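Engineer: The primary structure of each chain is shown beneath.
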Amino acid sequence: AQSVTQLDSQVPVFEEAPVELRCNYSSSVSVYLFWYVQYPNQGLQLLLKYLSGSTLVKGINGFEAEFNKSQTSFHLRKPSVHISDTAEYFCAVSTSGTYKYIFGTGTRLKVLA
Amino acid sequence: KAGVTQTPRYLIKTRGQQVTLSCSPISGHRSVSWYQQTPGQGLQFLFEYFSETQRNKGNFPGRFSGRQFSNSRSEMNVSTLELGDSALYLCASSLEGSYEEQYFGPGTRLTVT
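Just so you know, the protein sequences line up as chains A and B, in that order.
Residue 1 is where the first sequence starts when you use the working numbering, and the numbers rise one by one after that.
Residue 1 is where the second sequence starts when you use the working numbering, and the numbers rise one by one after that.
A hint or two may mislead.
[Claimed, not checked] To give an idea of the interface, some chain B residues facing chain A are shown, with a C-beta separation under 10 angstroms as derived from the structure:
hint, residue
1, Gln6
2, Ser31
3, Asn56
4, Lys57
5, Gly58
6, Tyr99
7, Glu100
8, Pro106
[Said to hold, decoys possible] Using 25 angstroms as the maximum straight-line C-alpha spacing, the simulated BS3-like pairs for lysine-lysine come out as follows:
hint, chain 1, residue 1, chain 2, residue 2
9, B, Lys57, A, Lys100
10, A, Lys49, A, Lys100
11, B, Lys57, A, Lys49
[Stated by the list, open to error] Pairwise CB distance ranges, derived in the manner of DEER restraints:
hint, chain 1, residue 1, chain 2, residue 2, range
12, A, Asn41, B, Gln54, 24 to 34 angstroms
13, A, Ser54, B, Thr20, 39 to 49 angstroms
14, B, Gly16, A, Ser70, 49 to 59 angstroms
15, B, Ser51, A, Pro12, 42 to 52 angstroms
16, A, Ser3, B, Asn77, 41 to 51 angstroms
17, B, Pro39, A, Gly62, 19 to 29 angstroms
18, A, Glu64, B, Arg63, 11 to 21 angstroms
19, A, Asn61, B, Asn77, 28 to 38 angstroms
20, B, Pro39, A, Ser26, 18 to 28 angstroms
21, B, Gly16, A, Asn68, 40 to 50 angstroms
22, B, Thr80, A, Asn41, 24 to 34 angstroms
Hints listed in this document are in silico derivations from the structure and should not be mistaken for laboratory results.
All figures in this text were calculated on a predicted structure; none of them were measured in a lab.
Ideal Cβ placement from N, Cα and C applies to all residues, glycine included.
Chain A extracted, bound-state conformation (with noise of 0.2 angstroms):
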């Protein structure tokens, strides 16, 4: 069975800081990985995803994140945060012909100025 992993639930950091939002995932097969984030009172919407290829991806809004097949993570980074990027961010993954993705508990992200 699948599973998604977010150590962190809360993640405060100041304005044009970095930040790396961390995510484990455990899948017996080749897995897809997607991060959405989700602003207050909105539903998701999509910053990247890993199907397969390099292992460096580059989403929206200046965030990126690296698949790592034998730590099986797929961390999520941005170099310079906005106060804009205050939302919640979930890691989800899913596998070939299972029809279900699996989402991590959220990290909230709280820019501070």
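Given chain A, put chain B in place with the hints provided.
Structural biologist: Showing chain B alone in chain A's frame:
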């Protein structure tokens, strides 16, 4: 293209009642997934439909059911509501499911009193 729409946006029900939530996917999308979102639990997968067939379901009691119509619109039903069913219910659509980006609706906020 219009996004995923969910109706109603807010709902208050009493324990023991039943409720039906509706989701209209993006035009051309045939896969619709439903999630329950609660604080601290993240998104929990309920079920996924494709061309009127349920292809996968999560670990929820039989009180939770769903269906999909020929135009890809989907409904989910919760019978005999319990206080613990209070949550944000999110619907997401994609072309085929499994490895694609899911497009989320704004959700239906259900409160059970």
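Engineer: Do the Cβ positions of Ser54 of chain A and Thr20 of chain B conform to the proposed distance bound of 39 to 49 angstroms?
Structural biologist: holds, 44 angstroms
Engineer: Given a hint of 24 to 34 angstroms, does the C-beta separation of Thr80 of chain B and Asn41 of chain A actually sit inside it?
Structural biologist: Given range 24 to 34 angstroms: holds, Cβ gap about 29 angstroms.
Engineer: Does Lys49 of chain A lie within 25 angstroms of Lys57 of chain B when you go C-alpha to C-alpha?
Structural biologist: holds, 23 angstroms
Engineer: Holds or violated: is there a CB of chain A closer than 10 angstroms to the CB of Gly58 of chain B?
Structural biologist: holds, 8 angstroms
Engineer: Do the beta carbons of Asn61 of chain A and Asn77 of chain B sit within 28 to 38 angstroms of each other?
Structural biologist: holds, 37 angstroms
Engineer: Does 18 to 28 angstroms hold as the CB distance between Pro39 of chain B and Ser26 of chain A, or does it fail?
Structural biologist: About 23 angstroms separates the Cβ atoms of Pro39 of chain B and Ser26 of chain A, which means 18 to 28 angstroms holds.
Engineer: Evaluate the given range 49 to 59 angstroms for the C-beta pair formed by Gly16 of chain B and Ser70 of chain A.
Structural biologist: holds, 51 angstroms
Engineer: Could you check the hint for me, namely that Glu64 of chain A and Arg63 of chain B are 11 to 21 angstroms apart, CB to CB?
Structural biologist: Cβ of Glu64 of chain A to Cβ of Arg63 of chain B: about 42 angstroms, so the range 11 to 21 angstroms is violated.
Engineer: Determine whether the Cβ-Cβ distance between Ser3 of chain A and Asn77 of chain B falls within the hinted range of 41 to 51 angstroms.
Structural biologist: For Ser3 of chain A and Asn77 of chain B the Cβ distance comes to about 28 angstroms; the hint is violated.
Engineer: Does the nearest C-beta of chain A fall within a distance shorter than 10 angstroms of the C-beta of Gln6 of chain B?
Structural biologist: holds, 8 angstroms
Engineer: Taking the closest Cβ pair, is Asn56 of chain B under 10 angstroms from chain A?
Structural biologist: holds, 5 angstroms
Engineer: Quick check on the hint: Ser31 of chain B CB to chain A CB, less than 10 angstroms?
Structural biologist: Holds. Min distance 7 angstroms.
The structure fails to meet hints 16, 18 from the earlier list, while all remaining hints are met.
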